[in-house]
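Single-letter residue listing:
There are 2 protein chains.
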Amino acid sequence: MDYLNNKYSNRADFVLRQTWKNIEKMYNSEAALYDVTFPIGFTLISIDIENGSPSTSIGPTMGLESNSLSRILNSMENKNLIMRRPNPDDGRGIIIYLTKLGIEKREIVIKKIKHFKKLVRSRIDESDLEAFHRVTFKINEIIEEGDVFKN
Amino acid sequence: MDYLNNKYSNRADFVLRQTWKNIEKMYNSEAALYDVTFPIGFTLISIDIENGSPSTSIGPTMGLESNSLSRILNSMENKNLIMRRPNPDDGRGIIIYLTKLGIEKREIVIKKIKHFKKLVRSRIDESDLEAFHRVTFKINEIIEEGDVFKN
Chain A
2 MDYLNNKYSN
12 RADFVLRQTW
22 KNIEKMYNSE
32 AALYDVTFPI
42 GFTLISIDIE
52 NGSPSTSIGP
62 TMGLESNSLS
72 RILNSMENKN
82 LIMRRPNPDD
92 GRGIIIYLTK
102 LGIEKREIVI
112 KKIKHFKKLV
122 RSRIDESDLE
132 AFHRVTFKIN
142 EIIEEGDVFK
152 N
Chain B
2 MDYLNNKYSN
12 RADFVLRQTW
22 KNIEKMYNSE
32 AALYDVTFPI
42 GFTLISIDIE
52 NGSPSTSIGP
62 TMGLESNSLS
72 RILNSMENKN
82 LIMRRPNPDD
92 GRGIIIYLTK
102 LGIEKREIVI
112 KKIKHFKKLV
122 RSRIDESDLE
132 AFHRVTFKIN
142 EIIEEGDVFK
152 N
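Chains as they are written, first to last, in our numbering: chain A, 2 to 152; chain B, 2 to 152.
Check the hints yourself; a few may be wrong.
Result set (EDC-like, lysine to aspartate or glutamate): computed pairs, CA atoms no more than 20 Å apart in a straight line [what the hints assert, rightly or not]: (1) B/112 - A/14; (2) B/119 - A/145; (3) A/22 - B/142; (4) A/119 - B/66; (5) B/22 - A/108; (6) A/115 - B/25; (7) A/112 - B/25; (8) B/26 - A/108; (9) B/115 - A/146; (10) B/139 - A/14; (11) B/151 - A/25; (12) B/119 - A/148; (13) B/113 - A/36; (14) A/22 - B/66; (15) A/119 - B/25; (16) A/26 - B/66; (17) B/113 - A/78; (18) A/22 - B/25; (19) A/118 - B/142; (20) A/118 - A/108.
What follows is a list of derived Cβ distance ranges for each label pair [as the list claims (entries may be wrong)]: (21) B/151 - A/147: 40 to 46 Å; (22) B/123 - A/118: 30 to 36 Å; (23) A/127 - B/88: 47 to 53 Å; (24) A/35 - B/131: 35 to 41 Å; (25) A/29 - B/94: 37 to 43 Å; (26) A/151 - B/75: 30 to 36 Å; (27) B/58 - A/122: 34 to 40 Å.
Counterexamples of contact, computed for chain B against chain A with all Cβ distances above 10 Å [what the hints assert, rightly or not]: (28) 11; (29) 22; (30) 26; (31) 67; (32) 73; (33) 81; (34) 92; (35) 126; (36) 141.
These are computed hints drawn from the structure, not numbers from a lab. Note that this is a predicted model, so its numbers are computed, not measured. The beta-carbon is built from N, C-alpha and C at its ideal position, and this holds for glycine as well.
Extracted from the complex, chain A is given alone in its bound form:
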């Protein structure tokens, strides 16, 4: 018997992985109908709609390496969703602005996210959702303390 099938159901770590992967797949399928991807949608909502966002601040907000973000931004530029402009306050810096099309797609992304959120709330007890948030908060806290594997 392999270890995984045996112990899957009560292990928070692999449950988180599997659930996130299922959500990502669902969002990616929906995004494809609008000629974008989940990473593009996620980037669209991570850019300040009025003032743009410095390219260096987007990756950390999203928890992405700069290489991965770079690839996404190139694809978004090709799709005419963003513009890159020099940062007036920083000679070497770049500000990413949404185009008109980018703003339109961003509105769709937010609509989809809200729709899923509403569905989740309509099907799951409020008190269970609160417990869910306490658990994930606590898991992140345990990891951030940085000594899970120390002793």
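Starting from the structure of chain A, add chain B where the hints point.
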């Protein structure tokens, strides 16, 4: 204001993503001390220790595309953690077996997973963890029904 920072704290989907990413990073750091990676560790525990596992069954168990799995298996073969053998019951099939070193590393992986699980259980209420599992189960159920974005 960007949408994300505003709404982050009560959105199950992005909380799942962020929490999973933090867990993956933690496991990857620890894995590096043993000259492996999280995906290698995950593959080690997905292979049947006695009978090996058909290469075609490992990917689906892990929720991985065959391309990604292929890359991981090549790296594991280079590190002498697995052997590929023809499947006697299927002329074109391959069975993946763990080597002695693979079995040793697998034991370490299981120890680390159990350690984190124990820590999580010692710090989080049993009833909250049960609610957490109810929520993730329900979210997966909602997605599997396949009509989140229909109508």
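Verification of the hints:
A hinted pair counts as satisfied when its Cα atoms are at most 20 Å apart, and residue 112 of chain B with residue 14 of chain A qualifies at roughly 14 Å. Distance check on the hinted pair: residue 119 of chain B and residue 145 of chain A sit about 17 Å apart at the alpha-carbon level, within 20 Å; holds. As the CA atoms of residue 22 of chain A and residue 142 of chain B are separated by approximately 13 Å, the hinted pair is consistent with the 20 Å bound. In summary, the hint linking residue 119 of chain A to residue 66 of chain B is not supported, as the alpha carbons are separated by about 31 Å, beyond the 20 Å threshold.
Distance check on the hinted pair: residue 22 of chain B and residue 108 of chain A sit about 26 Å apart at the alpha-carbon level, beyond 20 Å; violated. Taking the CA atoms of residue 115 of chain A and residue 25 of chain B, the gap is near 27 Å; set against the 20 Å cutoff, the hint is violated. A distance of roughly 29 Å separates the Cα atoms of residue 112 of chain A and residue 25 of chain B; the hinted pair therefore is violated under the 20 Å criterion. Restraint check for residue 26 of chain B and residue 108 of chain A: not satisfied, since their Cα atoms lie roughly 31 Å apart, outside the 20 Å limit.
Between residue 115 of chain B and residue 146 of chain A the alpha-carbon distance is near 18 Å, which keeps this suggested pair within the 20 Å criterion. A distance of roughly 17 Å separates the Cα atoms of residue 139 of chain B and residue 14 of chain A; the hinted pair therefore holds under the 20 Å criterion. Of the supplied pair hints, the one linking residue 151 of chain B and residue 25 of chain A holds, its CA atoms being roughly 17 Å apart against a limit of 20 Å. Straight-line distance between C-alpha atoms of residue 119 of chain B and residue 148 of chain A comes to about 14 Å, which keeps the hinted pair within the 20 Å bound.
Our distance criterion of 20 Å between C-alpha atoms is broken by residue 113 of chain B and residue 36 of chain A, whose separation comes to about 41 Å. As the CA atoms of residue 22 of chain A and residue 66 of chain B are separated by approximately 12 Å, the hinted pair is consistent with the 20 Å bound. Restraint check for residue 119 of chain A and residue 25 of chain B: not satisfied, since their Cα atoms lie roughly 28 Å apart, outside the 20 Å limit. A C-alpha spacing of about 12 Å is found between residue 26 of chain A and residue 66 of chain B, which places the hinted pair at or below 20 Å, so the restraint holds.
With a C-alpha separation of about 42 Å, the suggested pairing of residue 113 of chain B with residue 78 of chain A is violated against the 20 Å cut-off. This hinted pair checks out: residue 22 of chain A and residue 25 of chain B have alpha carbons roughly 13 Å apart, not beyond 20 Å. Between the alpha carbons of residue 118 of chain A and residue 142 of chain B the distance comes to roughly 14 Å, so the proposed pair stays at or under 20 Å and holds. Pair hint residue 118 of chain A plus residue 108 of chain A holds up; C-alpha atoms about 15 Å apart against a cutoff of 20 Å.
In this structure the supplied range 40 to 46 Å holds for residue 151 of chain B paired with residue 147 of chain A, their Cβ-Cβ distance being about 44 Å. For residue 123 of chain B and residue 118 of chain A, the Cβ-Cβ distance of about 32 Å falls inside the hinted range of 30 to 36 Å, so the restraint holds. A hinted range of 47 to 53 Å for the beta carbons of residue 127 of chain A and residue 88 of chain B is consistent with their spacing of about 51 Å. Checked against the given bound of 35 to 41 Å, the beta carbons of residue 35 of chain A and residue 131 of chain B, roughly 38 Å apart, stay inside it.
Between residue 29 of chain A and residue 94 of chain B the C-beta distance comes to about 30 Å, which lies outside the given range of 37 to 43 Å. Distance hint for residue 151 of chain A and residue 75 of chain B: a CB-CB separation of about 33 Å, consistent with the stated range 30 to 36 Å. Against the hinted window of 34 to 40 Å, the Cβ-Cβ separation of residue 58 of chain B and residue 122 of chain A comes to about 37 Å, which satisfies the hint. Not every C-beta of chain A lies more than 10 Å from that of residue 11 of chain B, the closest at about 7 Å, which undercuts listing it as non-interface.
With a cut of 10 Å on Cβ distances, residue 22 of chain B falls inside the contact zone with chain A, its closest approach being about 5 Å. Interface exclusion of residue 26 of chain B from chain A breaks down, the closest Cβ pair being 8 Å apart, not more than 10 Å. For residue 67 of chain B, the condition that its CB be more than 10 Å from all CB atoms of chain A holds, with the nearest at approximately 15 Å. Here residue 73 of chain B stays apart from chain A, with its beta-carbon at least about 15 Å from theirs, past the 10 Å limit.
With 10 Å as the threshold on Cβ separation, the claim that residue 81 of chain B sits away from chain A holds: the shortest Cβ distance comes to roughly 21 Å. For residue 92 of chain B, the condition that its CB be more than 10 Å from all CB atoms of chain A holds, with the nearest at approximately 24 Å. With a least CB separation of 8 Å from chain A, residue 126 of chain B falls inside the 10 Å interface cut-off, contrary to its annotation. For residue 141 of chain B, the shortest C-beta to C-beta distance to chain A comes to about 6 Å, within the 10 Å cut-off, and the non-interface label is violated.
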